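Chemist: Line order of the protein sequences matches chains Z and B.
Sequence positions in the first sequence follow the numbering used here and run 364 to 770.
Sequence positions in the second sequence follow the numbering used here and run 24 to 304.
Hints were generated in silico from the structure; no laboratory data involved.
A quick note: this is a predicted structure, and the numbers were derived from the prediction, not measured.
Even for Gly, the Cβ is constructed at its ideal location relative to N, Cα and C.
Among the clues, some could well be false.
[Said to hold, decoys possible] Not close to chain Z: a few residues of chain B, all C-beta gaps over 12 Å, as computed: (1) E52; (2) T81; (3) K99; (4) N174; (5) K224; (6) K230; (7) L233; (8) R247; (9) K282.
[Claimed, not checked] Stretch by stretch, here's where chain Z covers chain B in the computed footprint (C-beta under 8 Å, at least three residues): (10) 33-44; (11) 102-115; (12) 254-267.
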Amino acid sequence: MKTIYLDNNATTRTAPEVLEAMLPFFADLYGNPSSMHFFGGQVARHLKTAREQVAALIGAHPSEIVFTSCGTESDNAAIMGTLYSYPEKKHLVISRVEHPAVLNVAHHLQARGYRITELKVDGQGQLDLEELRQVLTEDTALVSIMTANNETGVIFPIDEIAAIVRERGIPFHTDAVQAVGKIPMDMGRSPIDMLSLSGHKLHAPKGIGALYIRKGTRFAPFVVGGHQEAGRRGGTENVPYIIGLGHATEFCLAHLEEENTRVRALRDRLETALLERIPNTIVNGDRQHRLPNTTNLSFEYIEGESILMLLSDEGVCASSGSACTSGSLQPSHVLRAMGVPFTAAHGSIRFSLSIYNTEEDVDAVIDVLPPIIQRLRDISPFWQDYVDGKPMDAFLTGGDVAHHVHG
Amino acid sequence: MWDYTDKVKEHFLNPRNVGEVENPDGVGEVGSLACGDALRLTFKLDEQGRIQDIKFKTFGCASAIASSSALTELAKGKTLEEAEKISNQDLAEFLGGLPEEKMHCSVMGKEALEAAIANYHGEAVVKEDFEIVCKCFGVTDREIERVARENRLTTIEEVTDYTKAGGGCQACHPKIAHILEGLWGKQPPEPAEQRVAAGKKLSNLQKIRLIQETLEREILPPIRSDGGDLELIDIDGDKVLVALRGTCSFCPQSSFTLKHFVEAKLREFVSPDLEVEEVKP
């Protein structure tokens, strides 16, 4: 069975040329870049190149790049490093649809006495910038809002947001883990102060990330240790992975146009065909402002885990925002924040493509998915009722106590 | 990915007895679309009063569909008296086990069968008094108590795995703890003794620090997620004085929460002698 991998927002294939570039640093080139001898020094030169490669992808200066262990560490470091720098300020602004790497840091801080504002989103998953303007105060230490949403692919007007925040003299961080490598980002033209990115979302391996910190931004190290990363992140550099991230960012820069043309067309082909062939299908999120590789679809009256299992049986890898897949009992916080109707919230599937996907991949899904959806709808007690136009009162909505009471 | 047994996968991929029996003798409907799983069970009896035909329609994850399929296989050919004895453990065992977090699927199957049998007997499903404990998933005190008793559940986490209760906003955790306490008596004191060395007297400073830590770690997050808040005002010997804020300050159940949740947690993690008192503004 052929593997059709359409879960690239979860993780991506390490590009073969990236892996190739890493290998010498596991073997002969094992020196410590901080060492004073030639053997470490030659590694330091490669590290410098990698830093320049990462900086080039986002239009930053190499000195503004700090290597970390992953996107989550970058997010934690940006938030905690800013709060350490402004100990007198106790207010943090985020959005309700942030990744857990930001959301749960905020909840953790809330339990320690910080005031947290979570900006709401509308049905399209977009923010109300007027609300942002109104919640900023003298006490606000940091605003952290993602560039693009991992579940829906919705892109926020991040430069506009950063400008509003900067105008008030407040530091601004963005979790751009899903955006970097998929859409152009240019720190030279943007008012963003800090930006997180992650290697394994852009064809580097897992275990490497970076944090961009604009020159002049107040920042105290989150991982405290040696003088590495200009004192901004202690710990001996993870050289092979940093080299990998450098080559991966170069790889992404070279494929950025393809991502926004060929990959986008594949995504659109998939989405359009599924909407045509499967009734009661809803696109979750703002279709106008969206990552080129992502589509999040809800199939009404069925549940996402079942869909994923049947897709997986056909070799197709995707993901779902349904309760059952998350291990929690509620659908994803992103879909709930958007107010996705409850007939659809449990039946969401996210397809996320990469430059490695082909027309055959997409066409295979267009073939196998409609019968899977129909098969599950035939098992669902709600579908036939819906088709017959029967009223689906309590059993459907869960609003009637009697249907919850079975004792 | 869930670690489903081959039997769960097999029953999910090839579910038995899907559909609805025509002119059924009994119909049972449990769950809801909003809650993420639901099951409609219909059956017909033969002349000897045995279940001749039984079919299901299920909205839910793979284990919900597999549990429904298992249920119909187990119930077929049984009299209603025999069918009533099928427990949720029987369903799980038939499938070679379910992940703990998915045990609520087996409970849903068992409840659908009971509802269908009650429907056959012409009984309304709800007779006794009950209280909705978990508002997110509409689970009552009676259901929690029964499932906890039948499955020997002793922690809130287990109750959530089996009934979903407490899996949403978590505001009902104190109530679930109360039900478990009523069922099994005071929790065995081992955990508390492990954390606070027996007989060791805390200094005032240690006590204050422990109380603050326990508040922040164990107590405030669930209260805040429900829009409430609580402030530590003072500590006087073993008396812990607190003030309620946010939605707690006008919640009629706040005194219950103070006794059965805040005090219980502080006794567990700090000292069994503590008493919590509310300071009114």
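Chemist: Confirm or reject each hint.
Modeler: Each hint tested on the structure:
Not every CB of chain Z lies more than 12 Å from the CB of E52 (chain B), the least distance being 5 Å, so the non-interface label is violated. Its closest Cβ contact with chain Z, about 6 Å, brings T81 (chain B) to no more than 12 Å, contrary to its assignment away from the interface. Taking the minimum C-beta to C-beta distance to chain Z, about 18 Å, the non-interface status of K99 (chain B) holds against the 12 Å cut. The non-interface label for N174 (chain B) is consistent with chain Z: the shortest C-beta to C-beta separation is roughly 14 Å, beyond 12 Å.
For K224 (chain B), the condition that its CB be more than 12 Å from all CB atoms of chain Z holds, with the nearest at approximately 28 Å. Remark: the non-interface label on K230 (chain B) is consistent with the geometry, its nearest Cβ contact in chain Z lying 20 Å away (cut-off 12 Å). At roughly 16 Å from the closest C-beta of chain Z, the C-beta of L233 (chain B) stays outside 12 Å, upholding its exclusion from the interface. With a closest Cβ-Cβ approach of about 6 Å to chain Z, R247 (chain B) is found to fall inside the 12 Å limit, against its non-interface label.
The Cβ of K282 (chain B) lies farther than 12 Å from every Cβ of chain Z, with a closest approach of about 22 Å, so its non-interface assignment holds. Taking a C-beta to C-beta cut-off of 8 Å, the region 33-44 of chain B contributes 4 residues in contact with chain Z, enough for the three needed, and the coverage statement holds. With 0 residues having a Cβ less than 8 Å from any Cβ of chain Z, the region 102-115 of chain B misses the three-residue criterion, and the hint is violated. Interface restraint, the region 254-267 of chain B with chain Z: violated (0 residues with C-beta to C-beta distance below 8 Å; minimum three).
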